[in-house]
Every structure is written in structure tokens, then in C-alpha cells.
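Novice: The task is simple: from the sequences and hints, build the whole structure.
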Amino acid sequence: MKRSLLLLLAYISVSQVVVAQEQSCPVIPMPNQATFAQDHFLLQDNTPIIANDPALQGTAHSLQKLLLRYTGVRTAIQDKSEQPAIIFQLEKVSNPEGYHLQMSKKAVVISAGNETGLFYGAVSFLQLARKFPGKLIPCWNIKDAPLYKWRGFMLDESRQFFGKEEVKKILDEMAFYKLNRFHWHLTDQPGWRIEIKQYPRLALVGGIGNYHDSIAPAQYYTQQDVAEIVAYAAALHIAVIPEIDMPGHATAANRAYPQFSGGGSAKHPEFTFNPGKEETYQYLSNILKEVDVLFPSQMIHIGGDEVSFGNEKWKTDPAVQDLMKRQKLNSLLDVEHYFLKRMADTVIKLNNSILGWDEVTASSLPPGKTIVFWWRHEKKDELKNALEKGYKVVLCPRLPFYFDFVQDSSATVGRRWPGNLFNELKSVYDFSLNSLPDNVNRNSPLIEGIQANLWTETIASRERMYYLTFPRLIALAEAAWTQTDKKDFVQFEKRLKTALPLLKARGIYYFENPKLTPEPVK
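Heads up: the sequence shown runs through residues -20 to -1, 1 to 502, numbered per mature numbering (1 follows the signal peptide of the UniProt record, and there is no 0).
Treat the hints with care, as some may be off.
Taking lysine-lysine pairs in the DSS-like style, the calculated list, with each CA pair at most 27 Å apart, reads [unchecked claim]: (1) 495 - 484; (2) 129 - 466; (3) 364 - 111; (4) 321 - 359; (5) 305 - 295; (6) 359 - 349.
Because the hints were derived from the structure by calculation, they are not lab data.
Specialist: And the structure:
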């Protein structure tokens, strides 16, 4: 007994030294208010989790599962307890995603206005519990809320298919760092990756091939797979947003149903849907109806980008030329805008918001129903115009948020911007509203948040997918959550060092430095 007491006191002393050395809360993203409480909470098997309100049961069960996964501790959900416990409770907070975490040796109290806030409080406690595996956890009092509503990550699975388990693993990491939007790029030139029951050839034929192998066997998600992934994400408080790209990037779909093709170019064959055929709109509307049922986020991304890469056949297509005469359209750009407005009407009738890349700013889509994704960092006026027209905007500029761009000068494979520019960890972390062009209202309430995009032209393996994503995704999470004046890259790097072993334990191959983590070239 005496020996156990001495060991306990020694552990407390060491924990206090560790906290003192860090001089900051070890949670990622860095909370906006956090003070060390000079106390410790003992987390052990059968520690009670108290959630008296039925509305709190889901979060209580989530924390129970996460604690078992990350710490090995088996907690017990109870109505009440006399022993030290983890307690969930509802209280009014100004930010719907905000939370309070109050810790002492007697209790861990997590309070918020709803289950989402409670989940984020639980995740902060989970990170503290994981960091101190002896289960005697230094106590912190945290008052926290996110900087942005939209904290997103996009995965391109048209060019390279990864499958259900890898997507779930990404969702796990997103939730662990409080990211809340998963943008799923499911259709493009190389492959169509979602089952549409009315048009089975989309998956069976359009799903054949990928960016690196045009005859690879068909790979796609069944509707049951999609429902499973969407439910998995919902339990982690992540909304899943599907992207069905149109009118360009339609090559895979046109392989399956060539009667709806609007042609393409030598470099981008069969690139577009045909905007001149009324049957095209019915076809795409039917597809979107099935997509709508699968995704409860009430948001559908319709692409709208790079149409000029493959619309030259429109100049001679009889149906398109007839459309131009009937609708008095003067250019192919007018045709593109007409198409997007028609499809936007369909999305709105399905009670969804329309999401699109920044090219859609020129299409006169309804501002109250449209979210624009500003990706072309060199097109500064596109962001300015979108905000001035009243569009909500998600910031995802290629520099620094395209994760297919390399993250180190030693990389041998991957994209760079002219001038040998690339997206290192620090540039992702340092991004803020102050990074925006001078001609933009940086305080606009229309700025929804930020997102990183992983395009997969240079990826042919799960190892490279993870290598390009991590740890930049963790830097993105802090840039999206933490107030700019609270950010400190040097401190972040210290906290990140304790997060990297967890990635390794989860089977995630990440970039650290070229000597320790060699670049997977495929």
C-alpha cells in the first residue's frame, strides 16, 4: 500500500513537470481558453459516465467507445455515482459547437448547448486521456468554440479508389481533430464511384479504371456502402457532401451512357454532358434524386469547373446549337450558365443547397442557396466577386490547401506551383483571413470556413494518400478551429510530436522528414 502511494505521488509529480514544461494545453486544435487546474483525475475501469438526459446518451456511448479504443479503459454508463465520474450536461453557450470542459479529481464535467458541442468536449478529454496513458490525467479547464463553421477535407476517389475502411479511418482522424465536413468527390473523368440504381451502368461501366490504369476492374460504392459511411460520419458529427461533377469532368459517365455526351477534346474526350438535349436534364435529375436520398447533409456539390477543357464540340452539336437559338444564348459560356441554372433548380427542388467551384460565381445561381468554393488562389477577383454577389464561400485555395501539392522540397513526385512553390506544413498552419487578397472583405460573415482538397492524380496507394494528407490535415484542423491570435506554430510542432505516434499506431503512414519517412512514389 505504501509503495503504491509513493508511485502515485511520483506520477503526479512527473505529470506536473510535463505540463509545466509544455506551458500550454496539449489538445489539438489549441483551445481558445485553457488553464491548468493543478489537479489530476483518475481514469480507470468502471469510471462512471453520467448522462441523465436521453439526448446525451449518444455522446456518452461515443466517448465510452473512444476511450476503450484509444486508452483501453472500460468505463460504465450510469445514472448517478458517488465516485469520481465523467458528467455530461446541457447548458446555453453562444456558439452551437462550443463547449466547456471542467476537470478536478472529483469529476470531469463536459457541458454544451447540444450533442455536437458535447462531442467536441469529449474529444478534448479523450486527447488528454490518451496523452497520459497511466490514466492519471492532469486537469484542465477549457472554454472553447471553433473559428469557422466549415472545417473540411475533400477526397478524390474518382481518380483512385480507396474503399470503405480507408474512408472510415480518415473520418476517425477528422473527428479526433474536430473537422466537420467530408467532401466526397465521387465522379470525374477516370471513374464513377457511386451506385445509381436507375442507371446501373454508371457504376458497372463508369466504375472501370482509374487515373493510372484505364482497365482496372470496376470499383464503386453500393448505396448500402454509402449509407454505412454516412451513418458512421454522422456519429462523429461529420456531414458528408457528395460531388457529382457537371457539365464537365463527365467522361466516366459518358462511357456508360454515351447518348448524354456533349463531346470533348483530343486531350479530354467525351468530357461534357450535352446541355442541348432535354433528356440530359431528366437523366441528371434522376441521378440527383437518388443521391439526395443517400446524403442527409442537404448539400450537393455539382462541380461546374473547367468546362472549357472539353466543350468545343458544342460549337457544332445540333442540339446545342438549337438550344442557343431558342434561348438566345450568345456563347458557349452562356450555354454553360444555362445548364448550371437548370441543374441548380433541380438541387433546390430537392431541398439541398448548391455547392460549386468558383467558376459558378458567374452563373447567376441564387445566392441564398449557393456555396462557392474558392480554389484558384491566383484568381483574386473570383473571391471578391463571390462575396460581393452575396454567396457564402468556403476557402480552399490551391496554395496552401491542395494536398496533392508536395510538402517538402525533396519530393520527387507530385505537383508544384510555378516558381517551385508547394504546400509545407507551416503554410497550411499559418493560413488565416489575413492571408486573403487585399481587395477582399476579410471580415465578411459570408466566409463559411476552410477546406483542404486531396486530388489523386499522383496517388496509386493508400500509403501515398496518407503521406500527402498527414500531418497537414492536423495543421488544417488548428487553422480552422483556433483563433488566429492564439496560434503558435512552434508550440503546435511540440504538440504534434505527441500526435504522430498515434497515427503510426493507427496504420497511417505520414510525412515527418525525408530520412525518417521516405516518400512513397506511387
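Novice: Now tell me, hint by hint, if it's right for this structure.
Specialist: For each hint, the structure was consulted:
1. 495 - 484: holds (16 Å)
2. 129 - 466: Holds: residue 129 and residue 466 sit about 18 Å apart, inside 27 Å.
3. 364 - 111: Not OK: residue 364 and residue 111 at ~43 Å, beyond 27 Å, violated.
4. 321 - 359: Holds, at about 23 Å.
5. 305 - 295: holds (12 Å)
6. 359 - 349: With a Cα-Cα distance of about 23 Å, the restraint between residue 359 and residue 349 holds, given a limit of 27 Å.
Figure legend: structure checked against the earlier numbered hints; the only hint not met is number 3.
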